[in-house]
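Q: Sequence:
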Amino acid sequence: MKSNKDWKLYTYEDAVAYIEEIPRFTKKHSLAHTREFLRRLGNPAADRKLIHVAGTNGKGSVCAYLKEILRAEGRKTGFFTSPHLVCINERIEIDGTQVDNGTFLRIFQTTAHAAWKMQEEGLEHPSYFEFLFGMGMKAFEESDVEYIILETGLGGRLDATNAPEHPVLTVITSISLDHTGILGDTVAQIAAEKAGIIKPGVPVFFDGTAPEASEVIRRRAEELGAPCREISKNAFEIREVTGKYIAFSRANAYDKDVIYRIPICGCYQAMNAELALEAAEYLLAAQEAVRTGIRIPDPEETAGSSRGRFAGALESVHWEGRMEEVRPHLILDGAHNPGAVRAFAETVQMLKGNRLSGDVILFSAVADKKYDEMIAWLCQNLDVKAFVVTEIADARKVPAGELADRFRACTDKEIVCRPRLKEALREALRRRDADADVYCLGSLYLAGMVKKLLSGGGLDVEF
0 MKSNKDWKLY TYEDAVAYIE EIPRFTKKHS LAHTREFLRR LGNPAADRKL
50 IHVAGTNGKG SVCAYLKEIL RAEGRKTGFF TSPHLVCINE RIEIDGTQVD
100 NGTFLRIFQT TAHAAWKMQE EGLEHPSYFE FLFGMGMKAF EESDVEYIIL
150 ETGLGGRLDA TNAPEHPVLT VITSISLDHT GILGDTVAQI AAEKAGIIKP
200 GVPVFFDGTA PEASEVIRRR AEELGAPCRE ISKNAFEIRE VTGKYIAFSR
250 ANAYDKDVIY RIPICGCYQA MNAELALEAA EYLLAAQEAV RTGIRIPDPE
300 ETAGSSRGRF AGALESVHWE GRMEEVRPHL ILDGAHNPGA VRAFAETVQM
350 LKGNRLSGDV ILFSAVADKK YDEMIAWLCQ NLDVKAFVVT EIADARKVPA
400 GELADRFRAC TDKEIVCRPR LKEALREALR RRDADADVYC LGSLYLAGMV
450 KKLLSGGGLD VEF
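0 is the number of the first residue of the sequence shown in numbering that gives the first Met the number 0; add one for each residue after it.
Any given hint could be a false lead.
Simulated crosslink set (EDC-like; lysine to aspartate or glutamate; CA at most 20 Å straight-line) [what the hints assert, rightly or not]:
#, residue 1, residue 2
1, Lys451, Asp99
2, Lys26, Asp367
3, Lys48, Asp94
4, Lys450, Glu422
5, Lys26, Asp99
6, Lys396, Asp432
7, Lys451, Glu324
8, Lys451, Glu239
9, Lys27, Asp432
10, Lys412, Asp393
11, Lys26, Glu123
12, Lys75, Glu119
13, Lys368, Asp184
14, Lys351, Glu323
15, Lys369, Glu120
16, Lys451, Glu422
17, Lys351, Glu239
18, Lys451, Glu426
19, Lys450, Asp393
20, Lys75, Glu123
21, Lys396, Glu19
22, Lys384, Asp367
23, Lys48, Asp143
24, Lys384, Glu345
25, Lys384, Asp404
26, Lys384, Asp432
27, Lys450, Glu89
28, Lys75, Asp143
29, Lys75, Asp94
30, Lys255, Glu229
31, Lys243, Glu323
32, Lys243, Glu145
33, Lys26, Glu120
34, Lys412, Glu372
FYI, nobody ran anything at the bench for these hints, they're computed from the structure.
Required output: the full structure, derived from the provided sequences and hints.
A: Here it is, written out as structure tokens:
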């Protein structure tokens, strides 16, 4: 690794290596620290229209839908997301394209210089996530985007993305138990952390399907005078679910006869898409009201006002690692907590009914997730042929042997333990019946590792 004094000589590879080393020498910081870091970067993109999205599951999907809707409307849009699956550049997108290596290196140099100046003055170096967030904001300012979509990394209240104090809109997706050691061990406690992104007077749209979470969000919105739009499952009707897409209609007077198709087959995606649709409808209606000098509408008034014109944008969405068929009969899903695994199981059951007996599940997990609950749910609800367990390349991995023992305690199905991913994937594909599927889930790290293995041609198996 080059020294800080040589920062102008860093290559792209040096920059990535430096960022990956950050967790070894710093920690998570307060929002005051993040704001000081942003101040030293010149408070980049502080005057742009910022949409902040939090939630346990679905926040990445909502961001992806919002991004495509805004782009279809001709709005230049930046998107900051995490984690990445294969390449760190994925975390910073401008108009649907991740930043290239040259841009990444240039933004890194500016950001690193500010971080090192902080250290020289006795302040802590920004954390891994803070550093990348600062890079994202610098990239968005440089590209002169109009809208910025920020996906929280963890929680909401104390997340680095919560440092900007004047978003135009906040969105909270479904909430369930995850990161309980950090966010709390009840849905209400976790909802309070997610609701920490709500700002005074700023409208909030949220998934209202969990009563305990909804009560917390409504109460916080009322305390802050934030206009509140609660979206229930009655807002849409699922019309069709296939292995390629989900189709739904909306329950409003404007476009109730329009069929929306999303090229992701998870049943839960209908709610995510509805959240994005209603948020975008409000944003654009509010912007038009400001332009024309009329009253800014209430969030309850704008649902369906797009009259179907966003259908094409939703149909063009590509969101990697979410029920994604990366090869024939090989499907990646990012389900990595009990709520997401339940949603995955419901989708597979809707798609296949009782026709799962030839399918295989490839599973891995990180130690700070409730993998016991995920395993139990899979075993109790999916009558598959076999479970194959492996390990992710991360210090927090759960040993494959431990995962295998947990599966054996829950089912009498065949359990195959292969710590090395290449061998595990080969075994899973070999064991599936003809025309059956292999589903990879349990960790987004696993999805990324599978993608990397396939892209490198490292799997000598015919699909």
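Q: Please go over all the hints and tell whether each is borne out by the structure.
A: Results of checking the hints against the structure:
no., hint, verdict
1, Lys451 x Asp99, "holds (18 Å)"
2, Lys26 x Asp367, "holds (17 Å)"
3, Lys48 x Asp94, "holds (15 Å)"
4, Lys450 x Glu422, "holds (15 Å)"
5, Lys26 x Asp99, "violated (28 Å)"
6, Lys396 x Asp432, "violated (29 Å)"
7, Lys451 x Glu324, "holds (15 Å)"
8, Lys451 x Glu239, "violated (32 Å)"
9, Lys27 x Asp432, "violated (47 Å)"
10, Lys412 x Asp393, "violated (28 Å)"
11, Lys26 x Glu123, "holds (8 Å)"
12, Lys75 x Glu119, "violated (37 Å)"
13, Lys368 x Asp184, "holds (12 Å)"
14, Lys351 x Glu323, "holds (16 Å)"
15, Lys369 x Glu120, "violated (41 Å)"
16, Lys451 x Glu422, "holds (15 Å)"
17, Lys351 x Glu239, "holds (13 Å)"
18, Lys451 x Glu426, "holds (18 Å)"
19, Lys450 x Asp393, "holds (16 Å)"
20, Lys75 x Glu123, "violated (34 Å)"
21, Lys396 x Glu19, "holds (17 Å)"
22, Lys384 x Asp367, "violated (28 Å)"
23, Lys48 x Asp143, "holds (11 Å)"
24, Lys384 x Glu345, "holds (18 Å)"
25, Lys384 x Asp404, "holds (17 Å)"
26, Lys384 x Asp432, "holds (8 Å)"
27, Lys450 x Glu89, "holds (14 Å)"
28, Lys75 x Asp143, "holds (8 Å)"
29, Lys75 x Asp94, "holds (6 Å)"
30, Lys255 x Glu229, "holds (19 Å)"
31, Lys243 x Glu323, "holds (9 Å)"
32, Lys243 x Glu145, "violated (32 Å)"
33, Lys26 x Glu120, "holds (17 Å)"
34, Lys412 x Glu372, "holds (17 Å)"
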